[in-house]
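Student: Chain by chain, the residues run as shown.
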Amino acid sequence: MIPAAPAGLFDCRDAYVRTVEELAVADDRIVAVVNDSIGSSKLGKFRDRFPDRLVNVGIAEQNMIGVGAGLANGGKVPFVSGASCFLTARAMEQIKVDCAYSRANVKLCGISSGVAYGELGATHHSIEDVAWLRAIDGLVVIVPADPWQTAAAIRAAAAHDGPVFVRISRMPVPELARSAAIFTIGKAEVLREGGDIAIVVNGTLVHHGLAAAARLADAGIEARVVNMATVSPIDTDAIAAAAATGAIVTAEEGLAKGGLGGAIAEYCAEHAPVRMRMLGFPGFAPTGSAAWLMERTGLSADGIVQAAHDLLRTR
Amino acid sequence: MGESDAAMRSGEGVRPDGFGARVSHVAGQARWMRRRLLGMIVDAGQGHPGGDLSATDIIASLYFDVLRIDAANPDAPDRDRFVMSKGHCTGALYTALAAAGFFPEAELDTYLKPGSRLNGHPNRTYLPGVETNTGPLGHGFPVGVGIAVAGQIDRADYRVFVLTGDGELQEGSMWEAAMFAGHRALSNLTVIVDRNGLQQGALTEDTNTLEPLGDKWRAFGWEVVGVDGHDHAALLAAFDDAVLPRNKPRCIIATTVKGQGVSYMQHQASWHHGVPSRDQYDLALRELEMEITR
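Chains A and B are the protein sequences, given in the same order.
All residue numbers for the first sequence refer to the numbering used here, where the first residue is 1 and numbers rise by one.
All residue numbers for the second sequence refer to the numbering used here, where the first residue is 316 and numbers rise by one.
A few of these clues could be false.
Unchecked claim - Pair by pair, the computed Cβ-Cβ distance ranges are:
no., chain 1, residue 1, chain 2, residue 2, range
1, A, T287, B, R470, 46 to 52 Å
2, B, Y441, A, K257, 31 to 37 Å
3, A, G283, B, L518, 40 to 46 Å
4, A, A180, B, Q515, 54 to 60 Å
5, B, L598, A, D137, 39 to 45 Å
6, A, H124, B, K531, 28 to 34 Å
As the list claims (entries may be wrong) - Covered by chain B, per the in silico footprint, the following chain A stretches (three or more residues, Cβ under 8 Å):
no., region
7, 54-68
8, 249-257
As the list claims (entries may be wrong) - If the Cβ cut is set under 10 Å, some of the chain A residues that face chain B in the computed set are:
no., residue
9, L71
10, N73
11, G75
12, G121
Read the hints as simulated data drawn from the structure, not as lab findings.
Even glycine gets a Cβ: it sits at the ideal position worked out from N, Cα and C.
Produce the entire structure from the sequences given, and follow the hints as far as they go.
Tutor: Written out as structure tokens, the structure reads:
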């Protein structure tokens, strides 16, 4: 399984549960709904503090999402948490109909998304979730990058009247340095200015994007780094600004086709044609640790630097 | 068709005193609903008359006697909830909602027409009185269970009623929900199974056996009662607060007839989504006036 986060790196689930607990203290409408996933969602402490407000439906994801929508009907603000692979794929029609189409005030938390489950294999990987969910009308899709942004996204989700999906990684990530600690649904965050190329990333790839930009700067290339945490609704102004550099590399811990890369490409093809490289998983991953899978797929600073050089060479 | 015969209805929104008067009131509303929904289906050229007619008496009993609802305040936190899990039977649902005052009765004439709020499956985001969007089978029941859990957490005194089809019980999500409702002992939850015995193309028992259905629900922790789903007095008695179990949810298996009230539709799978011709419609209206029974 996955080792604990090394010093200086953080498991974003901790920020997630800390924030849900803080919200629950202040607002008794907050409840948590799980599919036997109290441990993997790290909600043990929430259960101990709010025993009546932890609804464990057992191993039944379709019912979990339906119950979440029903709790919202009954005036609750449910945070429905489960491994992203099961929460999304098993219950996709419930997400579409009970949450999005019904505009139910449900907060879906996809835990251990991407390839975090490493050696457990493609059944447990959730590389498709962003592509699937951003196709659903009215569903906000957020892929936070670090503990601070995870907490901010959870708070924004609670404040938003309507269904929200927050993708919560367990892959260790650093806390990012920011000049302005502001998170707004639908607004991208420019973490570094640069006019030669744009690196558009989210989730666990953001710190790799920043590391890649530092190395490109050593080679005289100024890269703009955009943290596109909200994939739906997407920040089209930020895409246009990225496209104005003349080249975009996207990178994400998921399918590039249909995911963040796909979303950027859709906008650019219609409004701001630009050369792109889209880094992400091509399909079902082979056996290997999460770190090994990321590295071999080019989801690293090295991979982003390489893609940037390739793109600029063909300019 | 626009048969805006409000005069046929008696005492909209007012529950009369006395059990006999209550039964008559529900029967009158049900008779009106059947005529009105058939007209809507003929006018629209599509619909699900078979299931509408099997569910009409159940829905009429709820809306015109049992449910504690106020059309002027459809989002009241303490309202009773009715969840239409068999979401395709909108003819029965919409006529009841209109007669209960959730939207103007004349709007029924827009059924399935371009831009209408009366979609082929109910939509809460633009039609008051709808609790959750349904249509794909297996959705409404889990949502109803979630509402009942919210009521249980809040110790609220509202009740949750879910109407399911019988064919719908072939969906796995229904049994996930049934198991969890039994586990939580949701005594504020009542499920009514519209047991007309037919699914889209055939008998349930020839397609994927449901029986012994009562035993299944009991095994999942439910109190089960059987009732004639077209007997208004029996339905009102089954819905009565006083007979509710205190520590488990209740399942009412309502034996019904698909196409109830229209001779040529009764027990016919082909009327799941058939549309009467003009002559057939006229015959149906005459039969409904005579209140034919099985």
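Student: Checking each numbered hint in turn, tell me which of them this model violates, lowest number first.
Tutor: When the structure is compared with the hints, numbers 8, 12 turn out to be violated.
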